[in-house]
Amino acid sequence: MNYKEYEKPEELRKLQQLSIELLAELDRVCRDLGIPYFAYGGTAIGAVRHGGFIPWDDDIDIGFLRADFERFLSEAPALIGPRFEVVSSRSEEFFPACNANLALKETLCVPEEFRDCPYQYAIGLGLYPFDVLVDDDAELRSQCRATWLWGRLKFLCATPCPHVSLTGWRRALVLSCCRVAHGMLRLFRVSPRWIQGRWDRAAMRFDDCPTGRVADFADRDPRRWSASLEELFPLVESDFDGVKVFLPHDYDTLLRRGYGEYMELPPIEERKNHYPSSLDFGPYR
144 MNYKEYEKPE
154 ELRKLQQLSI
164 ELLAELDRVC
174 RDLGIPYFAY
184 GGTAIGAVRH
194 GGFIPWDDDI
204 DIGFLRADFE
214 RFLSEAPALI
224 GPRFEVVSSR
234 SEEFFPACNA
244 NLALKETLCV
254 PEEFRDCPYQ
264 YAIGLGLYPF
274 DVLVDDDAEL
284 RSQCRATWLW
294 GRLKFLCATP
304 CPHVSLTGWR
314 RALVLSCCRV
324 AHGMLRLFRV
334 SPRWIQGRWD
344 RAAMRFDDCP
354 TGRVADFADR
364 DPRRWSASLE
374 ELFPLVESDF
384 DGVKVFLPHD
394 YDTLLRRGYG
404 EYMELPPIEE
414 RKNHYPSSLD
424 FGPYR
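First residue of the sequence shown: 144, per my numbering; consecutive thereafter.
Because the hints were derived from the structure by calculation, they are not lab data. Treat the hints with caution; some may be incorrect.
[Unchecked claim] Straight-line alpha carbon distances no greater than 25 Å define the calculated BS3-like cross-link-like pairs of lysine-lysine that follow:
1. K147 with K387
2. K151 with K415
3. K157 with K248
4. K387 with K151
5. K147 with K157
6. K248 with K151
7. K147 with K415
8. K387 with K248
[Said to hold, decoys possible] Ranges of calculated distance between the beta carbons of each label pair, as one might list FRET restraints:
9. G311 with L372: 37 to 47 Å
10. A281 with G403: 40 to 50 Å
11. K151 with S234: 25 to 35 Å
12. W312 with L372: 38 to 48 Å
13. D350 with E150: 38 to 48 Å
14. R344 with S234: 12 to 22 Å
15. G224 with T310: 12 to 22 Å
16. R399 with L378: 31 to 41 Å
17. E218 with D350: 34 to 44 Å
18. V379 with G403: 44 to 54 Å
Even for Gly, the Cβ is constructed at its ideal location relative to N, Cα and C.
Start from the sequences and build out the full structure, keeping to the hints where you can.
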């Protein structure tokens, strides 16, 4: 995920405004259902440092404990407004990620690596389950390897050209391997839903062994944005561009663990966003 500045700033702002509408809908539904959620990653930084979006950011990420994530997937579709939909591998076979989205119907916001994917991303919020982080280092390493492997295979079911942060011959080699893996998965008709099931099983492997710590296993390094339950709860309310959202109770500790001195603006070369290859506001033009 690299940084690319929007050529038309009004497009970025429109994308942010529609994302805020999605956030307001998620907050409404979660309050109605009594489902706790928390702003995650750069969204939490934006809430604390800017009172809303980081100026160059273009997406919103939300975290849930696993049980709350499952409740949202099963119960929210009956309550959300007609403009919205909950999307995951359970509803779209070729949804390429292991998380879920709350999406805005009749729009497109397709990352470059998924431009040829059978599922075309809409403007949406990323919804991430947090699963138990086991205490045993060997068990945790095994779990992280499994979630990393199944997560990469899930992407490769959808695209032969995932985002690769390498350069030069290393990048060319990795992308060549990705194309071969993608072709093999298609040749043998490996089901993306089967791969999702394996990822879910690996991520939830220790959910019946409460350790008091949870993490997002969709992240490259789950320990980087792990949290104790005492750091997460009770949640605190914050403003996000005019919408009330929830933050982890000890957000400062969590953000410093994940990002260091997060209150300082990073240099341009360290900024990140999700500049789309296809962007269509549909009826919201």
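> Would you say the C-beta atoms of E218 and D350 sit inside 34 to 44 Å of each other?
Replying inline: 19 Å, violated
>> Just to be careful, I want the Cα atoms of K147 and K415 compared with a cutoff of 25 Å; is the pair within it?
In response: Holds, at about 8 Å.
> Is K151 within 25 Å of K415, Cα to Cα?
Replying inline: Cα-Cα ~17 Å, so holds.
>> K387 and K248 were given as a pair; does the straight-line alpha-carbon distance stay at or below 25 Å?
In response: With a Cα-Cα distance of about 23 Å, the restraint between K387 and K248 holds, given a limit of 25 Å.
> K147 and K157: Cα distance at most 25 Å?
Replying inline: 17 Å, holds
> Keeping to a limit of 25 Å between CA atoms, is the pair of K157 and K248 held or broken?
Replying inline: 15 Å, holds
> Quick one: are G224 and T310 within 12 to 22 Å, going by C-beta?
Replying inline: 44 Å, violated
> Is the hinted range of 25 to 35 Å satisfied by the C-beta distance from K151 to S234?
Replying inline: 32 Å, holds
> Is the gap between the beta carbons of R399 and L378 within 31 to 41 Å?
Replying inline: Roughly 18 Å apart at Cβ, these two residues miss the hinted range, so it is violated.
> Within 12 to 22 Å or not, the Cβ separation of R344 and S234?
Replying inline: Between R344 and S234, where Cβ atoms are some 20 Å apart, the hint holds.
> If you draw a straight line from the CA of K248 to the CA of K151, is it 25 Å or shorter?
Replying inline: 23 Å, holds
> So the hint says 40 to 50 Å: do the beta-carbon atoms of A281 and G403 match that?
Replying inline: With Cβ atoms ~28 Å apart, the hint is violated.
When the structure is compared with the earlier hints, violations turn up for hints 1, 4, 10, 15, 16, 17, 18 and for no others.
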